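Undergrad: Here is how the chains run, residue by residue.
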Amino acid sequence: MSRTAIITAIQRGLKRGPLPTDQQAMLTSRLKTHPRGPIPARGQLDLPGRIALFTKQAEREFATVAHLATLAEIPTAIAAYLARLNLPPTLTISPHPALRAIPFAATPALQIRSGTALPAESTCLTLAFAGIAETGTLLLPSGPQTPTTNNILPDNSLVLLPAARLTASYEDAFDLLRAEQALPRNVMLITGPSRSADIEQTLELGAHGPRRLHILILDGQG
Amino acid sequence: MLQSLAAFKENATSAIGNAGLQRALARAKPHFAKKRQAAIDLLPEFEALREAAKNIKDHTIAHLDFYLETYAAAVEASGGTVHWCSTAQDAREAVLKICRDAGVRTVTKGKSMVTEEIALNPYLEANGITPVETDLGEYILQLRGETPSHIIAPAFHLNREDWEESFRKSHTDLPADRIFRERRDLLTEARGKLREKFLTADAGITGANFLIAESGTSVIVTNEGNGDLTQTLPRVHIVVTSIEKVVPTIEDTLSFLRVLARSATGQEMSVYTTFSTGPRRAADTDGPQEYHVVLLDNGRSAMAGTEFQDMLRCIRCAACMNHCPVYGAIGGHAYGSIYPGPMGAVLTPMLSGIDAAGNLPNASTFCGKCESVCPVKIPLPNLMRHWREREFERHLSPPAQRYGLAIWAWFAKRPALYRAATRAAALGLGFMGRKQGRLAWLPFAGAWTKTRDFPAPEGATFFAQYAARQKARNQ
Ligand code: SF4
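Sequence order for the protein chains is A and B.
Going by my numbering, the first sequence opens with residue 1, and the numbers climb by one from there.
Going by my numbering, the second sequence opens with residue 1, and the numbers climb by one from there.
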């Protein structure tokens, strides 16, 4: 059987048999403690510093960022964003309680649907689990309330990121995730909108994923 | 996976004479090197991360049996299936069986070098399954019936006219008189075409940049988002990957991510880095219903414990070929292997056998640039030298050595190319020879230096010195 053949070939190459149990125990404990490698100093800032760095890095990667103080500001901010870009005033939101809490009813100009993105979806609003200041990266886990499809299928991706979830490093973001839940089926780290440089090594935005990534940082407690 | 190893010399000659390719090479080479350097200048911790990345891989390879078993157990625990495959044929059959069992007729594909290595597409086609490449570069190659010329920029040898021509020829349902004003128009057309495929495919095949032992997770890194559409929308996700991709933990993976994009494209982070663990969960409303990992060996386990073990650290970033003067002169196709450039010169003989690929390690000026940019510090020039020694021991040397010399002579007869290659080599040779001031061995001229030492260049090539002297004389 291939499994045995491959494992035996590796052991033969390494000039040993299966690892003794004490060594296996050491490796298992390394897995359990999952030590960190070197962490870049650049993200080690207080919260305002992390917000500023995240914003700078996300914009460097062609995302746009808006800072909002309360949930109540979100509907008008989204309506204005869509109008400015001449995009249809339709929005599919991921079925997450934090997004359902947004008072969309006050902005009837927006047509809201809750659920999973459809094939010709124009714009989705999703919720980031965390943001990573180091590179302006969003962490989005999958789940019944946060379908992965909504991150990648629409033309325009709007992401709500509570400022309190802004971490210095990827490691800090994964620590939060490990603390709150078992590893979900899918975890995406997203840095900017989709792009390709396959045609003559020239960067063009909007390959197969969203053409635009707009991040709404919710600074207040609201 | 072999195209025409024996034809390296002829390939290289025609590559030099190919104006379109030379234009593409001239455009791509400074682009990659500059972007990488800029990204590294922004991260003071880069060298520390390189060392950490190297150490994690060394640790993993020293315990590869343990980490593979741990990984496979975690995949199964998350509801996925691992298919262990010793050979390319085993892997092709495993993919076909998964497709047949699940009633799959069409598959979308994310970019995967391992599926190129096992020549999966023609096999699937021959068995009635339609594979559709969705990475933009791979898509155009599939339309044109070509193979990748670079491991991360597969279509970089093509120019815009080539794209236009292929799109007009293939997308016949669109108006024939449409105009492509900008590159963006090509991108938009491909996006529209591939949308339909993403939405209707029965299965999605991706590769993996990393496999995480602690959780049984496969990780892909892309910029386009095609890999995510491929692994999220169809009902079956098949990961085709190889045994050296395993790393212990998520945190270990994060260290690699910090060096990978910077070394590859000069980005700080690729756009999409996605961790996939098993099929959709009970309450999930999306994601694949089946999750399979086709885990390929194909010569890799035989590298453990040998002088080539270091090559198992490779994370396929392409920095070595982006900085290689030989690759920069002839492009990827001339190597005749799916894996070109310095990493391909070391890896290909391991996968294809030295009989078939023994010449590739000669396709180098041994300037040392590849090793100096490799994010996991693989001693590529040394490994190429090891291949030459093996080749000699196996008595393949007479024709092969002649061949090595022939390549050297061929380079020497082309002044511009030889100058470019030797300028880079002089820096490397000066460095290597400085200790003794003599070189016991000269690239491309093994037979000659076997019996006599060659004086180490003192900083400039003969041509550069000659030109300088002429200039001085004329002043
Ligand atoms: S050998 Fe090093 S530089 Fe070349 S592709 Fe592999 S990791 Fe990158």
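What the hints contain is simulated information worked out from the structure, not anything from laboratory work.
Misleading hints may appear alongside valid ones.
What the hints assert, rightly or not - 27 Å max Cα-Cα, derived BS3-like pairs, lysine-lysine:
#, chain 1, residue 1, chain 2, residue 2
1, B, Lys29, B, Lys377
2, B, Lys377, B, Lys34
3, B, Lys193, B, Lys169
4, B, Lys34, B, Lys54
5, B, Lys377, B, Lys54
6, B, Lys54, B, Lys35
7, B, Lys34, A, Lys56
8, B, Lys54, A, Lys32
9, B, Lys29, B, Lys9
10, A, Lys15, B, Lys169
11, A, Lys15, B, Lys54
12, B, Lys35, B, Lys9
13, B, Lys97, B, Lys377
14, A, Lys56, B, Lys35
As the list claims (entries may be wrong) - The following label-pair restraints were derived from C-beta to C-beta distances:
#, chain 1, residue 1, chain 2, residue 2, range
15, B, Thr87, A, Gln111, 46 to 56 Å
16, B, Lys169, A, Ser29, 51 to 61 Å
17, B, Glu69, A, Ala106, 50 to 60 Å
18, B, Pro175, A, Ala83, 44 to 54 Å
19, B, Glu161, A, Met1, 48 to 58 Å
20, B, Ala283, A, Thr202, 18 to 28 Å
21, B, Lys169, A, Ala106, 49 to 59 Å
22, B, Gly192, A, Lys56, 28 to 38 Å
23, B, Arg27, A, Ala72, 22 to 32 Å
Unchecked claim - Covered by chain A, according to a simulated footprint, are these stretches of chain B (three or more residues, beta-carbon under 8 Å):
#, region
24, 144-152
25, 178-189
26, 192-206
27, 227-234
For clarity, every value in this text was computed on a predicted model and none was experimentally measured.
Note that beta-carbon positions come from the ideal geometry of N, C-alpha and C, so glycine has one too.
Undergrad: Report the numbers of all earlier hints that the structure fails to satisfy, in ascending order.
TA: Result: hints 10, 12, 13, 18, 20, 23 and 24 break, sorted rising.
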